[in-house]
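Colleague: Letter by letter, the chains look like this.
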Amino acid sequence: MTDNAVELGPLPTCWRRRHLLGLEGLTAEEITAILDKAEIFKGALVSGKRRVPLLTGVTSCNLFFENSTRTRTSFSLAARRLGADTIDFSAATSSLSKGETVIDTAKNIEAMGADVMVVRHRTPGTPHLLAQNLNCCVINAGDGPHEHPTQGLLDILTIRQRRGSLSGLTVALVGDIAHSRTARSNIWGLKALGANVIVCGPSTLVSPRWAELGVEYTYSLDEILPRVDVLNLLRIQFERQATRPFPSVREYAHLYAMDRGRLARAKSDILILAPGPINRGVEVTPDVADGPHSAILEQVTNGVAVRMAVLWLVASVSPN
Amino acid sequence: MTDNAVELGPLPTCWRRRHLLGLEGLTAEEITAILDKAEIFKGALVSGKRRVPLLTGVTSCNLFFENSTRTRTSFSLAARRLGADTIDFSAATSSLSKGETVIDTAKNIEAMGADVMVVRHRTPGTPHLLAQNLNCCVINAGDGPHEHPTQGLLDILTIRQRRGSLSGLTVALVGDIAHSRTARSNIWGLKALGANVIVCGPSTLVSPRWAELGVEYTYSLDEILPRVDVLNLLRIQFERQATRPFPSVREYAHLYAMDRGRLARAKSDILILAPGPINRGVEVTPDVADGPHSAILEQVTNGVAVRMAVLWLVASVSPN
Amino acid sequence: MTDNAVELGPLPTCWRRRHLLGLEGLTAEEITAILDKAEIFKGALVSGKRRVPLLTGVTSCNLFFENSTRTRTSFSLAARRLGADTIDFSAATSSLSKGETVIDTAKNIEAMGADVMVVRHRTPGTPHLLAQNLNCCVINAGDGPHEHPTQGLLDILTIRQRRGSLSGLTVALVGDIAHSRTARSNIWGLKALGANVIVCGPSTLVSPRWAELGVEYTYSLDEILPRVDVLNLLRIQFERQATRPFPSVREYAHLYAMDRGRLARAKSDILILAPGPINRGVEVTPDVADGPHSAILEQVTNGVAVRMAVLWLVASVSPN
Chain A
1 MTDNAVELGP LPTCWRRRHL LGLEGLTAEE ITAILDKAEI FKGALVSGKR
51 RVPLLTGVTS CNLFFENSTR TRTSFSLAAR RLGADTIDFS AATSSLSKGE
101 TVIDTAKNIE AMGADVMVVR HRTPGTPHLL AQNLNCCVIN AGDGPHEHPT
151 QGLLDILTIR QRRGSLSGLT VALVGDIAHS RTARSNIWGL KALGANVIVC
201 GPSTLVSPRW AELGVEYTYS LDEILPRVDV LNLLRIQFER QATRPFPSVR
251 EYAHLYAMDR GRLARAKSDI LILAPGPINR GVEVTPDVAD GPHSAILEQV
301 TNGVAVRMAV LWLVASVSPN
Chain B
1001 MTDNAVELGP LPTCWRRRHL LGLEGLTAEE ITAILDKAEI FKGALVSGKR
1051 RVPLLTGVTS CNLFFENSTR TRTSFSLAAR RLGADTIDFS AATSSLSKGE
1101 TVIDTAKNIE AMGADVMVVR HRTPGTPHLL AQNLNCCVIN AGDGPHEHPT
1151 QGLLDILTIR QRRGSLSGLT VALVGDIAHS RTARSNIWGL KALGANVIVC
1201 GPSTLVSPRW AELGVEYTYS LDEILPRVDV LNLLRIQFER QATRPFPSVR
1251 EYAHLYAMDR GRLARAKSDI LILAPGPINR GVEVTPDVAD GPHSAILEQV
1301 TNGVAVRMAV LWLVASVSPN
Chain C
2001 MTDNAVELGP LPTCWRRRHL LGLEGLTAEE ITAILDKAEI FKGALVSGKR
2051 RVPLLTGVTS CNLFFENSTR TRTSFSLAAR RLGADTIDFS AATSSLSKGE
2101 TVIDTAKNIE AMGADVMVVR HRTPGTPHLL AQNLNCCVIN AGDGPHEHPT
2151 QGLLDILTIR QRRGSLSGLT VALVGDIAHS RTARSNIWGL KALGANVIVC
2201 GPSTLVSPRW AELGVEYTYS LDEILPRVDV LNLLRIQFER QATRPFPSVR
2251 EYAHLYAMDR GRLARAKSDI LILAPGPINR GVEVTPDVAD GPHSAILEQV
2301 TNGVAVRMAV LWLVASVSPN
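If you read the sequences in order, they're chains A, B and C.
Okay, so the first sequence: first residue is 1 according to the working numbering, each after it adds one.
Okay, so the second sequence: first residue is 1001 according to the working numbering, each after it adds one.
Okay, so the third sequence: first residue is 2001 according to the working numbering, each after it adds one.
Hint data in this document are derived by calculation from the structure and do not stem from the laboratory.
Since this is a predicted model, take the numbers as computed values, not measurements.
Quick reminder that beta carbons are idealized off the backbone N, C-alpha and C, glycines included.
Now the in silico label distances, taken between C-beta atoms and shown as ranges:
#1 B:GLY1025 / A:VAL249: 36 to 44 Å
#2 A:ARG16 / C:ASN2135: 50 to 58 Å
#3 A:ASP287 / B:VAL1249: 52 to 60 Å
Only chain A is shown next, with the shape it has when bound in the complex (with noise of 0.2 Å):
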């Protein structure tokens, strides 16, 4: 219907993988051929051309054990973009409550004919358990506290569209890191390419074991502010907290909200990303979130681009 002249070039020669479980273990050029070629994608949106029907007759099932409008909606569109068929499986009307497994569950949409399974799960690891079990692709969604690997992606990707490189870069995650599966997920693969990395909270969820992972951790957003080339404000996610692990919001956003105050006191470029849905006046004041150093609607524009890519991507690697 629409002009499919997209210039993808062919499937890279370092990527072999039918599944994306996270962003840990990815090479930087791993990392890099899909940033590549999710810019691609994105050029191509944004100029108009909304169907690159690469994937035609490719049926793609978001397998959502959790809800997630928004990171459904956005695989969803990927999907659809590159013209394949989408099922939504949740698991609130789902035979779940009827006592089947997660496995069984995925391998009778299998069955039906989905080739790619995007899962979402709380129990780290599902993703990693269905590849193991299943024949399909599988794209790891968000699998509790662990990875959300495309969220991690499109945080790297925007970044990278905002300053060419992430080499020398250093980039704090700020808020909520204990339950943040997105903080995972971007650090390895911003240490992947290159990026000082310092994960910034309150100390009932920031622990010393992150210096583990490789990152700087900190308590003090104030203290690193003025060497920090991109901020990336992490939701206070308050669903998932059964105590609050700060005595209020307000005083949480008085030592961690990107605010007017912090924002001159930050590196003149400063680059800050937030993973909808924000909580405004929490980790960011509606000003810096609506300025120029903020660029989260592009990160969700990015998003489309990057889960196009994966899923061209892992489709078109043949199962062996």
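Here the structure of chain A is known, so what remains is to put chains B and C in place on it, guided by the hints.
Modeller: For chains B and C alone, coordinates are given in the frame of chain A:
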């Protein structure tokens, strides 16, 4: 895939709106432009041309903060029949429960690539707020008790198709006027096209202040019945009423239900409309609902055609 | 987009039904016609022809008053693989909570342009009621404990593909016969094709009155096991049972679970079916479910093929 040689003609010169937020303020010419295009689309649908791919590559998002399977499905079908992609983003499962603002949610969806946002929200003015803050087109699919313009348009199209013209007709809106966005949209549209409007219902649901909108009001259906050309029987929205505004459903039906007896005292060619879902035996008795004076199911078919017209019109106006 | 040169052949002369409400009353010829077409569709699916656009322009609606992600997804995929448009209309979010009748809901969807209505409802006979009151095609996707014809057909197709023919085979339906629409549909279909049917389960779930349907009944799986060709292990539908009809799950499994021991005492080529979702360790042990006698996942694949066949057949009969 199918013949798309629908003789739609060019974008009417009078049409310059990228949003349809209400029928208030639309000129007769603009309303007529929508109805004319809707009739062409209806002709295509009825003759079996289910696909008129004029909006290929366009993405329409149903952003519904209130449930409405019916309206949502009608908009989805309209969009898909135009070849557009559709996204459903419902409040129940969305990030709104995570504290995000309505504008941020909508901007995120826009950043994913939505071109048209079809919005339902219980707060009057929400679509207007989004139209001011987004670049994409906004269509109001119901904002609290304020407006529901496509419902008004489909009612008016149904009258025009049965009667040829609206001019000089007397149209009575009966029932739950106070809670009805349909009433307001009908009033603006009907008056623009030259119809006389009467609002009629229990005094708890009809206020003298409706006269300020240039309509007649009455508490007695029987009094006005002999001179009415069209009756639009609004739903008693039990689910929106904290306290019941009349002693009993039986009492309401006794005074306002359109039944065989009232039909006998009405004009011989009276036309009966009712925006679904109908409460059989409350606003209308089954024999009348299913009889020749009723156009209830035509309204539903016209709903898809009207929404195709509105989608095509707003999406065809370039953003400056 | 893809090669649609599937050698489907013409509409069989025996097929004149615009509805599939049950397998009761279908002739062997009609059932065979469905199975033959389903095999052709399965061949296309398996060989990678995911799109067979024979129903372009047709709209199929899943009208599900009970949740069933699995069956709904199978029907959706079947419809989309035929090029049809799909609508999901589920009870939880629909206008039914607003007091509308089932017929009015269905007529509304039909007025929006649905050509096929795939109906699930807990009340037996609901699809029949709709077939009498609508112009569109109706397919029963489960009406309470009554029938679930496409489940019966996919079971029978699976047996036919493994054994070549149904004639003379002894098929035992084991387990929760009382609550099983699958049992009833299997019985009608299997008997029409010349198989002998035994229903087997606890006396609380198997009544002597089943003999009236022309089947044998027994409370002992071990007694019949040596002469059974096919075992269809029905789910214990814990979610449908107010009180548990046997002392404990362990007791049930002891008497009825298909395990290694029973497999050793069965015919060497016994075929084991189970409509998912399975309760591992209850109706069947994992080693048997995943072993060579099991055709559980073939059933799922056949489900899509059977539904493509049924959709194509009913939609291809002109409404007089």
